[in-house]
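J.: Using the sequences plus the hints, can you model the full thing?
Chains as they are written, first to last, in numbering that gives the first Met the number 0: chain L, 0 to 135; chain X, 0 to 115.
FYI, nobody ran anything at the bench for these hints, they're computed from the structure. Mixed in with the good hints there might be a few duds.
Here are the simulated SDA-like pairs of lysine to any residue, each with C-alpha atoms no more than 20 Å apart in a straight line [said to hold, decoys possible]: (1) LYS117(L) with ASN127(L); (2) LYS103(L) with SER48(X); (3) LYS112(L) with VAL135(L); (4) LYS101(L) with GLY37(X); (5) LYS34(X) with ASP70(X); (6) LYS14(L) with GLY18(X); (7) LYS101(L) with GLY18(X); (8) LYS101(L) with ASP70(X); (9) LYS72(X) with GLU112(X); (10) LYS133(L) with GLU76(L); (11) LYS101(L) with LYS71(X); (12) LYS72(X) with ASN47(L); (13) LYS4(X) with ILE26(X); (14) LYS117(L) with LEU91(X); (15) LYS81(X) with GLU90(L); (16) LYS14(L) with ASP70(X); (17) LYS71(X) with PHE19(L); (18) LYS70(L) with ASP25(L); (19) LYS72(X) with LEU91(X); (20) LYS117(L) with GLU90(L); (21) LYS133(L) with ASN86(X); (22) LYS101(L) with ILE65(X); (23) LYS103(L) with ASP95(X); (24) LYS117(L) with LYS14(L); (25) LYS112(L) with GLU123(L); (26) LYS112(L) with ASN47(L).
Everything numeric in this text was worked out from a predicted model, so none of it was measured.
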Amino acid sequence: MSYQYNIGCSLNNLKGIREFIRTSLDGQGVSDLEMGAIVLALDEMCSNLMIHAHHCNPDHNISMNIHIPAKGEFIFEIIDDGSMFDINHFEEPTITHLVHEKRKGGLGIRLVKTIMDKIEYLQENGKNICRLTKSV
Amino acid sequence: MVHIKRLQEEGADIIAIVGDIDASSSIELDLAIAKSVGEGFTKILVDCSALEYISSAGLGVFMSYIEELRDKKISFVLYGLKERVLNTFSILGLADLLNIRDTKQEAKKLANELSI
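T.: Shown next, in the form of structure tokens:
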């Protein structure tokens with residue numbers, strides 16, 4: 000089964016994205032804690048994309064696809080046409096460093112890498128696809 | 000969407016968070032903590048019983064105050080977190096860096112002990 004959601008790049012739309020993910024995964028045997036972690040990781044990816052690649056321009060759109068196989072791994076794709084930023088190449092600051100520097104950012108990517116099993120980037124028809132895989 | 004209320008009890012400032020803290024709303028949490036610290040409270044409790052969701056933007060706000068709270072000897076305790084919210088803190092090990100208790104009574108007790 001597949002679900003798709005299209006949304007403008009306004010941070011006010013993050014709540015709608017979270018609801019879309021919860022609705023799509025409802026009844027798939029995902030525990031509350033796993034659901035919470037998946038929603039969190041995808042929220043982090045979307046908010047990063049909205050802020051850094053689209054400067055929160057609500058006229059820019061991103062899409063999210065959720066593929067739920069009969070068995071196996073869930074696949075989440077976030078599609079946009081902004082500049083691509085591969086988080087696999089980002090070395091996140093340590094927690095100690097963040098506390099000391101009083102920095103508010105830098106935790107999101109660490110969360111995504113901890114929660115998701117695989118993060119891949121592809122380009123198709125001029126669009127960027129960030130594909131996140133999670134076994135549940 | 001988040002609502003943040005502040006009220007004072009027995010000399011402690013209680014910041015109650017109602018709703019979701021994400022990249023669109025973390026600024027409100029930041030402002031509430033800044034006000035509480037700025038007004039000179041030495042005991043600050045954060046009521047998370049109606050906090051439904053927190054993302055890294057909200058975690059980052061708490062992290063950014065850790066040193067200032069320590070320097071100013073302010074007791075800072077969170078309480079009433081739902082399991083899924085607490086899990087978000089735990090994924091990165093942040094639960095160990097903050098004071099977290101189950102109930103308001105336990106949080107008050109800890110804040111009093113810390114401020115001796």
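J.: Taking the hints in turn, state whether each one holds.
T.: Checked hints:
1. LYS117(L) with ASN127(L): This hinted pair holds, its Cα atoms lying about 16 Å apart.
2. LYS103(L) with SER48(X): violated, 23 Å
3. LYS112(L) with VAL135(L): OK: LYS112(L) and VAL135(L) at ~16 Å, within 20 Å.
4. LYS101(L) with GLY37(X): Distance of about 17 Å is within 20 Å: holds.
5. LYS34(X) with ASP70(X): holds, 17 Å
6. LYS14(L) with GLY18(X): holds, 11 Å
7. LYS101(L) with GLY18(X): With a Cα-Cα distance of about 25 Å, the restraint between LYS101(L) and GLY18(X) is violated, given a limit of 20 Å.
8. LYS101(L) with ASP70(X): holds, 13 Å
9. LYS72(X) with GLU112(X): Between LYS72(X) and GLU112(X) the Cα gap is close to 12 Å, so the pair holds against 20 Å.
10. LYS133(L) with GLU76(L): holds, 11 Å
11. LYS101(L) with LYS71(X): holds, 15 Å
12. LYS72(X) with ASN47(L): violated, 34 Å
13. LYS4(X) with ILE26(X): With Cα atoms ~14 Å apart, LYS4(X) and ILE26(X) stay inside 20 Å; holds.
14. LYS117(L) with LEU91(X): holds, 18 Å
15. LYS81(X) with GLU90(L): violated, 31 Å
16. LYS14(L) with ASP70(X): violated, 36 Å
17. LYS71(X) with PHE19(L): violated, 43 Å
18. LYS70(L) with ASP25(L): holds, 15 Å
19. LYS72(X) with LEU91(X): Roughly 25 Å separates the two Cα atoms, so the pair is violated.
20. LYS117(L) with GLU90(L): holds, 16 Å
21. LYS133(L) with ASN86(X): holds, 18 Å
22. LYS101(L) with ILE65(X): Roughly 8 Å separates the two Cα atoms, so the pair holds.
23. LYS103(L) with ASP95(X): holds, 18 Å
24. LYS117(L) with LYS14(L): violated, 24 Å
25. LYS112(L) with GLU123(L): Violated. LYS112(L) to GLU123(L) sits at ~24 Å, over the 20 Å cutoff.
26. LYS112(L) with ASN47(L): holds, 14 Å
Checked against the numbered hints above, the structure violates hints 2, 7, 12, 15, 16, 17, 19, 24 and 25; every other hint is satisfied.
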